[in-house]
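Produce the complete structure using the sequences and hints provided.
There are 2 protein chains.
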Amino acid sequence: MQTVIIGSGNVAYHMAKAFSLKNIPLAQIFGRNAEELKKISEELNIPYSTEHLEDADLYIICVSDNSVENVSGMITKKDCLVAHTSGSLPKEILSGEYRKSSFYPLQTFSKSKELDYEKIPFFIETENEKDKQLLFELASQISDNVMESSHEKRKYIHLTAVFACNFVNHLFARAKEVSDSQEIPFDYFLPLIDETVKKIHEIEPQEAQTGPAVRNDVRVLELHEQLLKDESLEIYKTMNHSIQKMYEL
Amino acid sequence: MQTVIIGSGNVAYHMAKAFSLKNIPLAQIFGRNAEELKKISEELNIPYSTEHLEDADLYIICVSDNSVENVSGMITKKDCLVAHTSGSLPKEILSGEYRKSSFYPLQTFSKSKELDYEKIPFFIETENEKDKQLLFELASQISDNVMESSHEKRKYIHLTAVFACNFVNHLFARAKEVSDSQEIPFDYFLPLIDETVKKIHEIEPQEAQTGPAVRNDVRVLELHEQLLKDESLEIYKTMNHSIQKMYEL
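Protein chains in written order, with numbering that gives the first Met the number 0: chain A, 0 to 248; chain B, 0 to 248.
Keep in mind that the hints are not guaranteed to be accurate.
Covered stretches of chain A, going by a simulated chain B footprint (3 or more residues, C-beta under 8 angstroms) [said to hold, decoys possible]:
#1 55–69
#2 102–108
#3 125–137
#4 163–173
#5 221–231
Because the hints were derived from the structure by calculation, they are not lab data.
Remember, it's a predicted structure, so these values are computed and weren't measured experimentally.
Even glycine gets a Cβ: it sits at the ideal position worked out from N, Cα and C.
So this is what it looks like as C-alpha cells:
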C-alpha cells in the first residue's frame, strides 16, 4: 500500500515519525513549506515534494482545520482513500471523488517533544467496512488504542480535550506569570502539578478538588483577587464561580 | 523534642504520616473530630485527644485557614514554637505569647491518595534564626526541598498553586462532564493529560500551547460554544479570550 502524508506541521511530523518507527513505508510527505518538509524528510528518510503529489492508495491530511477542504481538493485521483486528522471536521468536508474518512489521534503534538505513540487513542470513521478495516490495521500498528467514532462523538472528544489539555496548559502559562512576577522558580510547582494529574488516575476529579473556592474560604478568595488583574483576574473569578456552582456553595 | 500536630483533615493526616515514615516522634495529634483522629491514631500509632492538649516544644497547626486563629488561641504555653501550614496567612495570625512561624508544604493533599513526601517543597518563616534552623532540620528530614519564604512571597506561591492545581483539577471535572454527557470514557483522555503535563517539564507552557484558540480557528470556537452552556460555556469563553490576549491574536 502506498501512503502519502500531507502537511508539514506538528501532526504531520509526528504521524510520519510514528509510521517510520514501525517501518510502515511512506511514499511521500507533501506540503507547501519546503523548509519544514526538508527537515522531516531528512530526519525520517521520506521523499518530499511541494509540487507533485505522488500517486497513492491512502492520503492522510495533517493540516490545520481551515485548510483541510482546500488541500483535499488537490487530490484528483478517484480510486483511493483520503483521511483527515481533525477532531472537529466531518469527513464530508473532503472535496473529491475518492472514499472519505477520518483518522483522529487524541494527543497534543509539538515537534520538539517526543511522544509514546502506543498510548495515543485513534478514532476512525469511514464510508465502508473495508476502509474501516484498513485504517484499523494501520492505526493498530502504531497504537494499542484504536476505536471507531462518529463525527458527532468526535466533536465532543475534541471539546473535552480542549478543556483537559489546551486550557490546562494555558492555566500553567498564567500560573507561571504569577510566579515569574515574584521571581519564584516555576520548577517549585512541578511536583504539585504532577500530583494533581496522578490523583485523577485514582480519584474522580470532582472528588479530588481542593483549594479556597471549594472550602468557600472568602478571605483567601478576596485576598487573591487583590493580587490579580486583567485576564488572570477574569480566569480567577470564572473558575471559582464554576467550582462553587459545582459543589452548590 | 516534643511535637504535636493539631487538626484531623487532609494536611494533618499527611503531615503525621510524613513524620511517622521518618520515625520523627509525635507526642499527640489533637483536634475536634474524634472519629477522624481515632483513624489516624490507629493507622500511625500516635496518641490523640479532643480535650487535653499535650505539653510540647512545637505545635504544627493543620486546620483550615478560617480556624487557625481560634485554634492557635488554645495554646497557652509560652516557651514553645507554633507553626501554621497555611499558604495565605501571616504568622502573626497566631494568637498567643509563644514564638510564631509558618511551615507551608506546597502540595495537594487527599487522605485517599498516597504521596511522595520527599518531593514536596516546604516554605518556612520564623521570628528568629534558631527557630528557622529547627524547622529547616525538621522539614529536611521529610523533604529534599526546603526553603525560606516571607509571607508576601508565600501569598503568591499559594496563588500560583491555585491556578496550577485547583483550577486545573476543576478543568478536569468540567472536561469529564462533557465526555460523560456522550458516554465517552474519561480514561481516553489520560494519555493526553499526562502528555500535557510532561510537556511543561521540557518546554515553557507559553510555547507548548496548542488548540483552536491559539490557532485562531474561529469555526471550531463557534462550534464548541454551541455544544456548551452555563459555567462550562463561561469557562470556554474566558479561557479562549485569555489565550488570544496572551498571543495577541
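A quick look at each hint next to the structure:
1. Taking a C-beta to C-beta cut-off of 8 angstroms, the stretch 55–69 of chain A contributes 3 residues in contact with chain B, enough for the three needed, and the coverage statement holds.
2. Here the stretch 102–108 of chain A counts 4 residues with a CB under 8 angstroms from a CB of chain B, which clears the bar of 3, and the coverage holds.
3. For the stretch 125–137 of chain A, the proposed coverage by chain B is not satisfied: 0 residues have a C-beta within less than 8 angstroms of a C-beta in that chain, short of the threshold of three.
4. Judged by the Cβ-Cβ criterion of 8 angstroms, the stretch 163–173 of chain A is covered by chain B as claimed, because 11 of its residues qualify and three suffice.
5. Only residues whose beta carbon comes within less than 8 angstroms of a beta carbon in chain B count, and the stretch 221–231 of chain A has 7; three or more means the coverage holds.
In terms of the numbered hints stated before, the structure departs from hint 3 and from no other.
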